[in-house]
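With the hints as extra help, turn the sequences into a complete structure.
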Amino acid sequence: MKNRKNIGWYLLFTVPLLVIFTIVVVIPFVIGIYYAFFDWDGIGANPMVFTGLENFRVLLEDERFLRSAWLTVLFTVLSVISVNVVGLAFALLVTSKLKLANLARTMLFMPYLIGGLILGYIWQFVFLDVFTLLGEVTGFESIFFNWLNNETFALFALVFVFTWQMAGYVMIVYIAGIQGIPGELVEAAKIDGASSWQRFLNITAPLLMPAFTISLFLTLSYGFKIYDVNLSLTGGGPANATELFAMNIYNEIFGYGNYGYGQAKAIVFFIIIAAITMTQVYITKKREVEM
Amino acid sequence: MAFNKKLVTGMTLAASMSVLAACGGGSDEGSNGESGEAAEGITIFQTKVEISEQLEAAAAAYTEETGVDVEVIGTTGDDYAQQLQIRLNNGTGPSIFSVENAQVAQRLESYMYDLSNEDMVENIAPDMELALDDKVIGIPYGVEGFGIVYNKEMVDPADIADMDSFVSTLEGFNAEGINGFGLSSEAYFLIGHISNYPFSLQENPVEFMEQLTNGEVSLTDTPEFGEFGEAMEAIRANTPSPLSTTYDTQVGDFAAGKTAMIHQGNWASGMLDEFEVDFEVGMAPFPLAGNDQLAVGVGSNWAVNSDKDQAEIDGAIEFLDWLHTSETGQKFIVEDFGFIPAMTNIEAGDLDPLSQAVLEASNSGETIPWSHNYYPANVIPNDFTPAAESFFVNEDMTGDELIEALEAAWQNAAQ
Numbered sequence: 000m001k002n003r004k005n006i007g008w009y010l011l012f013t014v015p016l017l018v019i020f021t022i023v024v025v026i027p028f029v030i031g032i033y034y035a036f037f038d039w040d041g042i043g044a045n046p047m048v049f050t051g052l053e054n055f056r057v058l059l060e061d062e063r064f065l066r067s068a069w070l071t072v073l074f075t076v077l078s079v080i081s082v083n084v085v086g087l088a089f090a091l092l093v094t095s096k097l098k099l100a101n102l103a104r105t106m107l108f109m110p111y112l113i114g115g116l117i118l119g120y121i122w123q124f125v126f127l128d129v130f131t132l133l134g135e136v137t138g139f140e141s142i143f144f145n146w147l148n149n150e151t152f153a154l155f156a157l158v159f160v161f162t163w164q165m166a167g168y169v170m171i172v173y174i175a176g177i178q179g180i181p182g183e184l185v186e187a188a189k190i191d192g193a194s195s196w197q198r199f200l201n202i203t204a205p206l207l208m209p210a211f212t213i214s215l216f217l218t219l220s221y222g223f224k225i226y227d228v229n230l231s232l233t234g235g236g237p238a239n240a241t242e243l244f245a246m247n248i249y250n251e252i253f254g255y256g257n258y259g260y261g262q263a264k265a266i267v268f269f270i271i272i273a274a275i276t277m278t279q280v281y282i283t284k285k286r287e288v289e290m
Numbered sequence: 000m001a002f003n004k005k006l007v008t009g010m011t012l013a014a015s016m017s018v019l020a021a022c023g024g025g026s027d028e029g030s031n032g033e034s035g036e037a038a039e040g041i042t043i044f045q046t047k048v049e050i051s052e053q054l055e056a057a058a059a060a061y062t063e064e065t066g067v068d069v070e071v072i073g074t075t076g077d078d079y080a081q082q083l084q085i086r087l088n089n090g091t092g093p094s095i096f097s098v099e100n101a102q103v104a105q106r107l108e109s110y111m112y113d114l115s116n117e118d119m120v121e122n123i124a125p126d127m128e129l130a131l132d133d134k135v136i137g138i139p140y141g142v143e144g145f146g147i148v149y150n151k152e153m154v155d156p157a158d159i160a161d162m163d164s165f166v167s168t169l170e171g172f173n174a175e176g177i178n179g180f181g182l183s184s185e186a187y188f189l190i191g192h193i194s195n196y197p198f199s200l201q202e203n204p205v206e207f208m209e210q211l212t213n214g215e216v217s218l219t220d221t222p223e224f225g226e227f228g229e230a231m232e233a234i235r236a237n238t239p240s241p242l243s244t245t246y247d248t249q250v251g252d253f254a255a256g257k258t259a260m261i262h263q264g265n266w267a268s269g270m271l272d273e274f275e276v277d278f279e280v281g282m283a284p285f286p287l288a289g290n291d292q293l294a295v296g297v298g299s300n301w302a303v304n305s306d307k308d309q310a311e312i313d314g315a316i317e318f319l320d321w322l323h324t325s326e327t328g329q330k331f332i333v334e335d336f337g338f339i340p341a342m343t344n345i346e347a348g349d350l351d352p353l354s355q356a357v358l359e360a361s362n363s364g365e366t367i368p369w370s371h372n373y374y375p376a377n378v379i380p381n382d383f384t385p386a387a388e389s390f391f392v393n394e395d396m397t398g399d400e401l402i403e404a405l406e407a408a409w410q411n412a413a414q
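Protein chains in written order, with numbering that gives the first Met the number 0: chain A, 0 to 290; chain B, 0 to 414.
Some hints could be false.
[Stated by the list, open to error] Which bits of chain A does chain B cover? Going by a derived footprint, with three or more residues having C-beta under 8 Å, they are: (1) 30 to 44; (2) 143 to 150; (3) 230 to 240; (4) 248 to 262.
[Said to hold, decoys possible] Below, a sample of chain B positions facing chain A; criterion: calculated Cβ distance under 7 Å: (5) Asn88; (6) Leu242; (7) Ser243; (8) Thr245; (9) Ser363; (10) Asn377; (11) Asn381; (12) Ser389; (13) Val392; (14) Asp395.
None of these hints come from the bench; they were simulated from the model. Ideal placement from N, C-alpha and C gives every residue a C-beta, glycine not left out.
In structure tokens, the structure reads:
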């Protein structure tokens, strides 16, 4: 009797979500795979021509796509490093016995609450006006200039803004991890005479592995999938120097009107992200320490 | 502590559920509402942001006169083509939409209603209608023109009458620390419009572009393009980077007297009015290869969605008919939209100086055509803009290399 009642509760909570998930994720995903084998411009009334694996073959020779792939990898590697280093540093800072720790925690988390689109426009202004002004005032014009108008620095600008946005979020994950570390372990190490660096390396870091797993997963997948900041900050420019994966796919589908080919790209994109993030989770999971 | 955790999880779940539920409910209502209205009213979706409010006013006036409900769907302009495609595909397509040119019309051919037999078509000025295989499918918005918009207090038109003096004028402004000639970072204002000149100056632009697509002619071997490359070099050398400028700041700086000339069209006059400029503005031809004519063409066209049921199609045609033949409708076109009419039965109203210049040029026939209406679809945002961006970013890229990049871009898009 009790069991049946439980099943009822399960159904109540899972079925609506399952239905929604099926409608907005599973079905479009399957249709998307289907479209990837056609040459089609995305207009319902125009003909779809079956081309088999042609789209996937062309993809390997598409220089713009390969460049975009390389830029995305570069962007993701740089941002995973910077977001996690900065986020962990913030977490260590606000869990120390700082007087303003709570205030700092709130302030550091705030950027995450601003939508990526708006953030991009704000930083566009910062790079355009504030950076140029700083350059003129301080004389460091080789550092402070409009990064967005430089093919190399525009990507760094993206990493910079993405870090500014995500570091606070990752910080929260690390704070939770740090607070889960039993005080007696740290105290015992202190009594044994371990320096603070040794304590971080041998106690905090190993016990933080679960937090690393989550944070790396989040930043990796967010980094690969980034679109909003990309769109509003650089729009893929200058000269496609910051056209990342998601934007490349969007441009292929809606700019060039190659719906099928764009879908093929999207599927490859999905496989790459899935493979990389799952490998990462597998590796970091293995290193987690059970207490 | 444990209790708290559960509570938080529970609340998060509840919150996300309600968000999801709200989304579902919202979209349901939306589609119900729209299909309900479709039977008795019409919808309009169009690309020109400048006339959004005025068009809504026209729609309201029409509803008041006839009782037919007209809904104007808002647009941001930039993503119009994508939004239109999405709407047409998912069945919420508008009854009336705008089509920029024949290239776009070709793609959407199955949605284009044949307007050839409608009365208003007879009033379209010669060669101004949008046609596909002898069928008239678009009613022109109006005539538009672009060129060098200049501040009459700072620039003497004689100083920009040929390329050499134009360049030396730019150098003069540069020495004074004034922006001599402003472009802006948006695709059409960066390269789209200005790239017209070398094409439009060919003897037969359309034929030239066909030959280009077929590889029979090359941009690098055509003298007008060489000169265009040099002109772009001079612009890059003597003005601040257009990539740091938006349309708003471009026109704003001009209105504030910080920029002496901008490359714009008569559509900018609405914004100049808002700034209440205290100097006279004029429009001059861009003097490439001895050009002394403004580029004049049709910016966009009204088309009727053939995918709708006949009642809605008729409703849409009636609205367009009202807009172009009734006194109230014509008043909206001329006075509120500020269009220079491309219909013989509509008198141009009191025009702003820029539109006046375009109208005079148009009436005298001393104009060059808008070649960009014949470019491969979407080549300007997709391929020309990255090429132009790398030209403005890399100081060591020459004008000739820009032309090579444009040629490669053309071939990429024409495939």
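Handout entry: 8 Å C-beta test of the stretch 248 to 262 of chain A against chain B, three or more residues
Key = holds (count 5)
Practice task
Would you settle whether the hint for Asn377(B) is holds or violated, based on the nearest Cβ-Cβ distance to chain A being less than 7 Å?
Solution key: holds, 6 Å
Problem - Agreement of hint Asp395(B) with chain A interface, Cβ distance less than 7 Å - result: Violated: closest Cβ of chain A sits about 13 Å from Asp395(B), beyond 7 Å.
Handout entry: Proximity test - 8 Å, beta-carbon atoms, the stretch 30 to 44 of chain A to chain B, at least three hits
Key = Held - the stretch 30 to 44 of chain A has 5 residues with a Cβ nearer than 8 Å to chain B, which meets the minimum of three.
Exercise for the section: Check whether three or more residues of the stretch 230 to 240 of chain A sit with their beta carbon closer than 8 Å to a beta carbon of chain B. Expected result: Result for this restraint: holds, n = 4.
Problem - Hint validity - Thr245(B) Cβ closer than 7 Å to any chain A Cβ - result: violated, 10 Å
Exercise for the section: Verify the interface restraint on Leu242(B): the C-beta must sit less than 7 Å from at least one C-beta of chain A. Expected result: holds, 5 Å
Exercise for the section: Report holds or violated for the interface hint on Ser243(B), using the least CB-CB distance to chain A and a cut-off of 7 Å. Expected result: holds, 6 Å
Handout entry: When the least beta-carbon distance from Asn381(B) to chain A is tested against 7 Å, hint result
Key = holds, 5 Å
Practice task
Grab the minimum C-beta distance from Ser363(B) to chain A and call the hint holds if it beats 7 Å, violated otherwise.
Solution key: violated, 38 Å
Exercise for the section: Examine the stretch 143 to 150 of chain A: at least three residues should have C-beta closer than 8 Å to a C-beta of chain B. Expected result: holds (count 5)
Handout entry: Hint validity - Asn88(B) Cβ closer than 7 Å to any chain A Cβ
Key = Check passed: Cβ of Asn88(B) comes within 5 Å of chain A, closer than 7 Å.
Of the numbered hints given earlier, the model fails hints 8, 9 and 14; all others are met.
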